[in-house]
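Turn these sequences into a full structure, and let the hints guide you.
Chains as they are written, first to last, in this note's numbering: chain S, 1 to 160; chain X, 1 to 762; chain G, 1 to 287.
Below, simulated SDA-like cross-link-like pairs (lysine to any residue); rule was C-alpha separation at most 25 Å, straight line: (1) Lys755/X with His742/X; (2) Lys268/X with Asn30/S; (3) Lys14/X with Gly78/S; (4) Lys2/S with Asp25/G; (5) Lys14/X with Asp154/S; (6) Lys56/S with Gly57/G; (7) Lys2/S with Gly65/X; (8) Lys268/X with Leu61/X; (9) Lys641/X with His408/X; (10) Lys56/S with Leu691/X; (11) Lys33/X with Glu77/S; (12) Lys54/G with Gly55/S; (13) Lys53/G with Arg21/G; (14) Lys2/S with Pro64/X; (15) Lys53/G with Gly69/S; (16) Lys189/G with Glu118/S; (17) Lys2/S with Glu122/X; (18) Lys189/G with Ala146/S; (19) Lys189/G with Leu691/X; (20) Lys2/S with Ser11/G; (21) Lys33/X with Asn30/S; (22) Lys189/G with His742/X; (23) Lys54/G with His14/S; (24) Lys189/G with Leu678/X; (25) Lys2/S with Arg21/G; (26) Lys2/S with Leu63/X; (27) Lys54/G with Thr8/S; (28) Lys54/G with Arg3/S.
It should be emphasised that the hints constitute simulated quantities derived from the structure, not laboratory data. These numbers come from a predicted model, not from an experiment.
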Amino acid sequence: MKRIVEVTINGERHELALEPYRSLLDVLRNDVGLTGTKKGCDVGDCGACTVLLDGKPVNSCLVLGVEVGGSEILTIEGLQRGPERLHPLQDAFMRHGAAQCGFCTPGFLMMASALLDENPAPTEEEIRFGIAGNICRCTGYTKIVAAIQAAARDKAEGKA
Amino acid sequence: MSRVGSSIVGTSVKRTDVIGKVTGTARYAGDVKLAGMLHGKMKRSTIAHANIRRIDASRALALPGVKAVLTHENVPRVLHYGAPHPRSISVTCDQYILDRKVRYWGEGVAAVAATSEEIAEEALDLIEVEYEPLPAVFTVEAAQAPGAPQIHETAYAGNVLFKPVVVTRGDVAQGFAEADLVIEGEYETGRPTPAYMEPNVCVCQWDNTGKLTVWVSTQAAFMVRGILAEVLGLPLTRVRVLVDHMGGGFGAKQDLFQHEFLCALLAKETRHPVRMEYTRGETFVGGRSRHPCKIWLKQGFKRDGTIVAREARTVFDSGAYGSHGPGVTIVGTTALTSLYRCENVRLEGRCVYTNAPIAGAFRGYGVVQTYYALDIQMDEAAERLGMDPVELKLKNAVREGDMAPSDHPLVGHGLEDCIRRGAAEVGWAALRQRPREQAGTLRRGWGMGCEMHGSSAYPGIKEQGNAIVKMNEDGTAVLLTGAAGLGTGAHTALAQIVAEELGLAFDAVSVVHGDTDIVPWDIGAFASHTTFMVGRAAQMAAAEVKRQLLQRAGEQLEVAAEDLEVRDGVIAVRGVAGRRITVRECMGPKLGIPAANLVGNGTYTPTKSYSFAAHFVEVQVDIATGQIDVLQVIPVHEVGKVVHPIAAAGQIEGGIQQGIGHTLTEDYVIDPATGRSLNAGFVDYKMPLSLDMPPIRTILLETAPDPGGPYGAKGIGEDPIIAIGPAIANAVHDAIGVRFRHFPITPEQVLAALKEKAGAAA
Amino acid sequence: MRRFEYHEPASLDEASALLVRHGADASLLAGGTDLLVEIKEHLRWPQHVVNVKKIPGLAALEYDERNGLRFGALVTARAIETAAVVRARYAGLAQAARELGSIQVRHRATVVGNICRASPSADTLPPLIADGASVRIHGPAGGRTVALEDFFTGPGRTVLAPGELVTEVVVPPPAPRTGKHYIKHGRRKAMELATVGVAVALTLERDACRDIRIALGAVAPTPIRARAAEAALRGRALDGGTIAAAARTAMGECRPISNVRGSAEYRREMVGVLVARAIERAREGAG
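This is the structure we're talking about:
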């Protein structure tokens, strides 16, 4: 039986009628039309579906849509600060070559943004620890780590 | 500020495809949602080798929401190439969409389309399949034993897939007779999988004219179009394949997979669009792995290190279907003619069917396996000859004029350059003399590994790169290419080349790709050839447009076209100040005369160029737990010309990640008794993650540009995964004195080997 | 995912009644990081999913010197990992929580869920057992408390009766000069299921070991205590010799199996190596 769920996604209120057995990931992709969040494994091992649920990074594949009533969700589509204003992480990922195939990129960006919110000046080790639940098969992580470091610097220096 | 003129090639311009990836707007095949779309799922076999005695879909069809079920009884029975490279010797024609027989655990036996994924999944359980079990074989030995069950009627002999490849140069017997030292070894490699992040997915839709449109994650859109058309009996005008972005393929997504045919057929049957997406587990079970391989290698050396003979036999395990088995076997085996020069060579390579999961194309294509053996044996030879391995490899490194595996003379001294540069970078000579740890349980070691790899699949596949460049009336240009955007940044590199050639700013070139109805034919993105081959075609197309452009400008400026040059979007008379117009002015409409239609076509049929690398690696081994950590990697790659430094380094770093994985932790394992998959997921298929990856200090060299590549550029995609494996194995030997001749090297094996060594010493 | 009916009970009694009514067809959902995976991978087929997140009073984490640490069924692994008091006084538990899955998983996964899933390799179980933790249980017949080391009866099996659910974990306060350590052994540095987990909690008196608990994960059908190894050290000085002997004893106490993650022999050998290492690190922590 469907349940009515009210939820705020990227600052916009939605009222959704959801089957209880649909994951938040499927709800975002299929019901809300936000396909930037990716399904890489669907069982919490790869982090491609990371979104912020009330500010906290979670695997949206391991959350039921019916659980998020009253919550605020931020997805990759909401990370950008304005039509021409990228989040410093988005800009750094582009400059540093941190996205290759790009399938893992939205998950990394959401995880990294949560990381920088919590710890604005992380060490390399702290960054690597923070993104340990996000799999990238293209980059060897080198450029992802560099991009997150650069974004942290940019934020600290008020460049972004 | 946009970069202009001669600085575009060689500069890390902003990759054009990345903005969509960082904002979540880039569209992948799985993001396509169509009105009325149904969801397809595949039922997979629970036995490795069997005839299907009975299959009954009636209960599944009765489930509300189920719209169609396909089994071998109601799909076309057409034998086809799983990897349809224009009828080349690289691939095998041995697959049906669904067969009466299953040949591996997890093979698709039926497919369902339903109104939701949940219903489709439930319906799978309602399909009844009765199997008549057949004896199954899971190793190449068992498959070649007398009385082994025959897996395919179409095989060359027994379960041997095709006539074994034999390569002979010089006189091996004579060579061994002259040798001061002969080393012989057996090597064995595991079953890593590409594990691209985007699971296989496609969406199929038929329109009222009987035309099929397919959105699919593939490296080879025109191959998908061709084989779908052939198997479904359609002209090419009735099949359109669309690929915008894709989430990695690493070679494996050259193949066609069962779901792609089934999705098209389900869509036809239900007259609804159908979407089929693999679960992560299915990307293992129904995907393609690297070929497990056994290599026997014997080499003869003179006391001074000169190699006088090399003999090898390789056996590649193709799994249940041929896929790229012949290509991988031929490329991997013939690679042993080279890397280290040797005049007397005898090689035999064979490929064998087993009831294991299907092996296919995967970055490194057979060479990962054979150079692992070769480079480890070189390290061993250095030890036994009392030489430094760097010295031994330098002495034997292939160089200008040596015959490459493709039977071409090599260009330049790329391998030597890589070895020398890397050795200098890490201070190799001093490292060899350093004091060794004695206390505690941690032991460090350094190793190096070498490789070379060809751009393009020549001579196995005679390839062709195509490009069309059109000028717009405002002086900007459009490149039309069929090359897939695998994630490598190829489209950016191609646009850089066009901008460079046309004398335009990088931003003035846009790229159209991914629609087989629009872009020129393309063979697919594989074999490290996109920048090399399609890049050259794009350069040729741009040059042709430039010729037309200067012709038009010459008429406008009333000078001969030959006297004109174009730079930074401005056409000027060479050596004459002031006589100039912008490209925009030249192109645009004036006084009622419409803009010009300038179109350039470029086709390039390459042979092959070779790129080179030497990887230097430091490892740490815990002798109490057997755990191996890679501490740092210094890869040196010679690539002719670097088009985009950041993207090139990114290819190398990613290849090293996969190579560290297959050497130490990654192995797709099946139950040796039943063939059942044991680790089809990211928990137990262990890829190195952020905390496992060491710092990588990449060095790019441009010392041996290839005359065939654009601006001398050669391939880079596959190279980095090849040298890292032997470098690690050699470093482990340096650390603990144990020589491993297989991968993956597990902690348990390290401990067992250390005990054996201690026992032997006692 | 398979279709199921969904319930959000507002009280423990309501939850308990749902579990009784639906029996084996019902599964409890707290963090969901195990349950949803098991449903998706067809390891479990509940017709009814009972989400306990709307039940008040299950989200607290408290510490006081007399009673120690208490945390409710909805407290996440991330909350345990980042709580200053847990890091200071229950270092083994903090370390185990830190190594459970990813940060994303830990923001959802609950420690009580980790307990009730009863996986032999679950990370938080060895340190909690070494810490002497117990669980409070609510059920149709009222409440009861069970020592955690007595809670498990086999892989995925516990002493919970139909309709019972764990509401809280209670961990005694550490004695002065107590040191704790947890070592998880796997092939990678993160996102692993332990091939061996070793937790040690020990208390020093002068130079001797006044008390010690050694708990092992992933080497028996349930997490186990290495009691003989503990007994060999209790009251003894901790030096290379006694530690090595105890580690060898622990190797004899475990009952590992072989699977794709590691052979029984290797796991047993690692128990020896890691018990010694964990004791040494715990001793350093005891000061």
